[in-house]
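Asks: These protein sequence lines are chains G and H, in that order.
Everything in the first sequence is counted per the working numbering, starting at 3 for the first residue and increasing by one.
Everything in the second sequence is counted per the working numbering, starting at 3 for the first residue and increasing by one.
Quick caveat, the hints were computed from the structure, so don't treat them as lab data.
Heads up, a few of these hints could be off.
The list treats identical chains as interchangeable, and a pair is accepted whether it falls inside one copy or across any two copies.
DSBU-like, lysine-lysine: derived pairs with alpha carbons at most 30 Å apart [claimed, not checked]:
id, residue 1, residue 2
1, K113, K335
2, K369, K124
3, K168, K442
4, K442, K392
For clarity, every value in this text was computed on a predicted model and none was experimentally measured.
2 protein chains.
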Amino acid sequence: MASVTVSWQEVAEAKRLAILDAIPEKWRIRECIPPATELPDVTGNYIQGFLSPREIEITEADAVTITKQTSSGNWSAVEATEAFCHRAAIAHQLVNCLHEVFFEDAIQVAKELDAYFGATGKPMGPLHGLPVSLKDQFHVKGVETTMGYVGWVGTFEGKRDDPRAKMAESELVRELRRAGAIVFCKTSVPLTLMAGETANNIIGYTWNPKNRHLSCGGSSGGEGALIALRGSPAGFGTDIGGSIRVPAAFNGIFGLRPSAGRMPYEGAANSIDGQNTILSVVGPMGTSAGSLKLLFKAILSQEPWLHDPLALAMPWRDDVEMQTQSLIEASAKDPSLLTFAIMRHDSVVQPHPPVRQALMLMEQTLKNRGHQVIEWCPQNCQVGHEIADKAYSLDGGEDLTDQIALSGEGKIPQCFIQTGKHWKAREIAALNVQKRLYQKMYMDYWNSTDQLTGTGRPVDAIICPVAPHAAVIPGRYRHVGYTSFVNVLDYTSAVIPVTNADKVVHRIGNPIEYLSDIDEQVQSEYDAEMYHGAPVGIQLIGRRLEEEKILTMADFISRELENALK
Amino acid sequence: MASVTVSWQEVAEAKRLAILDAIPEKWRIRECIPPATELPDVTGNYIQGFLSPREIEITEADAVTITKQTSSGNWSAVEATEAFCHRAAIAHQLVNCLHEVFFEDAIQVAKELDAYFGATGKPMGPLHGLPVSLKDQFHVKGVETTMGYVGWVGTFEGKRDDPRAKMAESELVRELRRAGAIVFCKTSVPLTLMAGETANNIIGYTWNPKNRHLSCGGSSGGEGALIALRGSPAGFGTDIGGSIRVPAAFNGIFGLRPSAGRMPYEGAANSIDGQNTILSVVGPMGTSAGSLKLLFKAILSQEPWLHDPLALAMPWRDDVEMQTQSLIEASAKDPSLLTFAIMRHDSVVQPHPPVRQALMLMEQTLKNRGHQVIEWCPQNCQVGHEIADKAYSLDGGEDLTDQIALSGEGKIPQCFIQTGKHWKAREIAALNVQKRLYQKMYMDYWNSTDQLTGTGRPVDAIICPVAPHAAVIPGRYRHVGYTSFVNVLDYTSAVIPVTNADKVVHRIGNPIEYLSDIDEQVQSEYDAEMYHGAPVGIQLIGRRLEEEKILTMADFISRELENALK
Chain G
3 MASVTVSWQE VAEAKRLAIL DAIPEKWRIR ECIPPATELP DVTGNYIQGF LSPREIEITE
63 ADAVTITKQT SSGNWSAVEA TEAFCHRAAI AHQLVNCLHE VFFEDAIQVA KELDAYFGAT
123 GKPMGPLHGL PVSLKDQFHV KGVETTMGYV GWVGTFEGKR DDPRAKMAES ELVRELRRAG
183 AIVFCKTSVP LTLMAGETAN NIIGYTWNPK NRHLSCGGSS GGEGALIALR GSPAGFGTDI
243 GGSIRVPAAF NGIFGLRPSA GRMPYEGAAN SIDGQNTILS VVGPMGTSAG SLKLLFKAIL
303 SQEPWLHDPL ALAMPWRDDV EMQTQSLIEA SAKDPSLLTF AIMRHDSVVQ PHPPVRQALM
363 LMEQTLKNRG HQVIEWCPQN CQVGHEIADK AYSLDGGEDL TDQIALSGEG KIPQCFIQTG
423 KHWKAREIAA LNVQKRLYQK MYMDYWNSTD QLTGTGRPVD AIICPVAPHA AVIPGRYRHV
483 GYTSFVNVLD YTSAVIPVTN ADKVVHRIGN PIEYLSDIDE QVQSEYDAEM YHGAPVGIQL
543 IGRRLEEEKI LTMADFISRE LENALK
Chain H
3 MASVTVSWQE VAEAKRLAIL DAIPEKWRIR ECIPPATELP DVTGNYIQGF LSPREIEITE
63 ADAVTITKQT SSGNWSAVEA TEAFCHRAAI AHQLVNCLHE VFFEDAIQVA KELDAYFGAT
123 GKPMGPLHGL PVSLKDQFHV KGVETTMGYV GWVGTFEGKR DDPRAKMAES ELVRELRRAG
183 AIVFCKTSVP LTLMAGETAN NIIGYTWNPK NRHLSCGGSS GGEGALIALR GSPAGFGTDI
243 GGSIRVPAAF NGIFGLRPSA GRMPYEGAAN SIDGQNTILS VVGPMGTSAG SLKLLFKAIL
303 SQEPWLHDPL ALAMPWRDDV EMQTQSLIEA SAKDPSLLTF AIMRHDSVVQ PHPPVRQALM
363 LMEQTLKNRG HQVIEWCPQN CQVGHEIADK AYSLDGGEDL TDQIALSGEG KIPQCFIQTG
423 KHWKAREIAA LNVQKRLYQK MYMDYWNSTD QLTGTGRPVD AIICPVAPHA AVIPGRYRHV
483 GYTSFVNVLD YTSAVIPVTN ADKVVHRIGN PIEYLSDIDE QVQSEYDAEM YHGAPVGIQL
543 IGRRLEEEKI LTMADFISRE LENALK
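The following block holds chain G by itself, in its conformation from the complex (with noise of 0.2 Å):
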């Protein structure tokens, strides 16, 4: 391809066509997709009418069940994955959440893991048969990596006749394959990466499955939207100022972002690589909070800091685990071992009624089990999403500029590249102290809790938010303050699906006072009928590295959720 003869558009327009090209004949959709105004909601029913129950019943089971399966020779790997390649194809077709199809590849790898199984009895790792989708900035062998940036097309990550395009293989992907799971999909990232919408000009927008006039969330949207739809058990996404939570909370999925160090990010392709005030991080993404947990133990089982020198030596901490096991089942009687803060608001913009009663749902389940619930009210809360908005464009917006400019195409609405300043080394020293200065001010206050809660022990865990609003109307996500503070704080923090936008129960209550203009925007543009159907989650929100804490309460509180609202 001579690229003085082709414009950005028909490279685009290409890659687009190869993606639904590499989805076998078999699988694609050729009648009518009904158009949102008729059909918002396309998971459930109506995606299982293109597949057969046992596809049905494989695809609706959660990595821990579908692990069990294929790790005991119940379920073959091969069949697994064909039911997930299906799947995954026709969620594409519905929703735009892919990048890249490589089901052929895969199901070499399920039989290669079959005829192991056969031949030893035993499960090639912890992930044994399991299919898991990749966000698309992880190099697979044998497969492109865009990140929807059409000049990353036929290159590696932009640069031409570099030769480890399609032959480099991500850390974390040596991992997952080492632990038997089976790579098979990427999922759609936005433009740049910085966004809290998946959007960019080859696979064009990525849907709301659950309400097609909505956003699945950025910029691990593609993932979240594929998971939803039940097109992958799980898969990894990345997160440096919401990335993972926002499409987990967008999709009514479990997500994970990890303190930084604990995923290997090693040989993954990146938005301004190099950046250090603010580090991405990788984190899992799935359909129940044991899938996080299998996913996130069975890459600790790899040793990732013998092979990426930003992985910290922590393997999975058994005793973290059954600590905070016992503490929650201690508490059943004795309700004060466990407490928790609720973060109601940042001080910059309230939550939409469906968030404000996913808090309430989670806040009553806490307190109908008896746990105390404290208001969560850090002084300067709005800092923490200044400094991550400055730490974002450090080089006033250069990287992606470029990356963008490598083929000319049109930037995308939706991306947060704040252009002009670039910084020199001494200011970004002094943001760096900043940086410090609050997350020491925000210890502090978590440590001063032990004084509220009247049980001599601070608060175990947070919750809060993802986003002022449920899965976003196109063009209206405007404050990412939510997550971002997280990222600076460096905490853990999963996501825990809570209810959906519901038209006749969450409509505007009484006039609120706005804490800025922002949220007078932010506030004047819900609507109840939009938003119906929208998937809202919440943080569950520790100190850093505590993954294994958060992720042993997650599973807790899911259960609590669940049984509450049954």
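Model the placement of chain H on the given structure of chain G, informed by the hints.
Replies: Leaving out everything else, chain H in the frame of chain G:
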């Protein structure tokens, strides 16, 4: 003091005298101290001449022994503290190693500890009654922190009328107190901290107590000299390019450079604060490997990660310690269980004869026990220290220059201030990526040694010089590459004292081939006569966050060395 009428020389002189004045009259040396030409070595007999037999007994015990005695009530905390205060006072008068003297406060704390022990029969914590010295970066209530800057006298980190002056206390100090330690003095540092020698306009030059023609190293030079003179059993320094390891090696003591995040830096003064391409780290120094472990473990017992946002939630790992201990024991029968690599030079500058012999002694000791010692020859070895040099100068020396300009004081020639280019965000990001690639290359090389050892396991540690020379001749520290590459890698490194330069034994050998111009210069500067008596220490380098393993192995190797040299 009105700054308009007082010159920086007068401020410096007043501060210098104030330090001396803080030493009780009874401990001031009135007789003439023989010049270095007559008596280069003031350790041992000479300093003992100022002390009672009981004081000698106490001060020549290591931190482990002292703590045993003070924690069991055999020695009172007051007696131990007074002995060290006396000896530190003498030490300072011999080599200029103190910045702050607060013996009265220390003795008051010791009295309280004795009262606590008297009342409860229990020690306050794991360091009950142990006097501990601190590099003059840590804030202690009631005491100034100048970090050697004349412009910081009477301020808080150079800020006038700041209420934190003499009020703030660093997190490390808080934790030491809770562990039962007694802080009693702060030790000298070079102006800017960026130097391998210790000199500033307040106290002048800190000399090496084993040979007062030579440097005590830097930047934790005062710690090194004081501990070598047994004026303190143990203390804490910091290390961004070798600043713990160099003074440990130059003074014949032990020192640990942990990986970033293990020891709390929170609330300490620093140079170029907020530069986060290479983080400075805090680590212990002492007269035995066991002392380092005692201090390190005691600080971790205080859970620094709940109070320092940069500290990792990683307690002392008993399992790693026990595993290493078991390996060491089992390796007496099967030496292949532990293998080592030796880095003979860093491809830029070769070590002087005393350092070569120290390396050889260590190698021979391990080989005599049957351990394999392979050659350590990673590619592009010099890239590490090139990255470090850049990281130290990202702001074009602005921060350091500004601190010096506060008083208008003169620069110290040994300080490394590379003025000029002020880096931009995107250039820094590129440097961070280059650093990560270097770390990855090094890590892969380490992993690949499983093929070279023949044991199927990669090497357990690397033996490596600390500097090309023994305790250096003033003004001749030309290459910090042997330590700074470890900071880039963020590896754990313990310094073990091995030998002393000897003018008879360490003659210049056969002519050698120079690796570089700087090598030729460094080799030409070897002077057997001048270096006579200068200590030589060797690094034992482990991977990132392998402190438990390296401390356990350092203890083992130092005992083996002792036995071998008997």
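Asks: Find the hints from earlier in the document that the structure breaks and name them by number, from lowest to highest.
Replies: 1, 2
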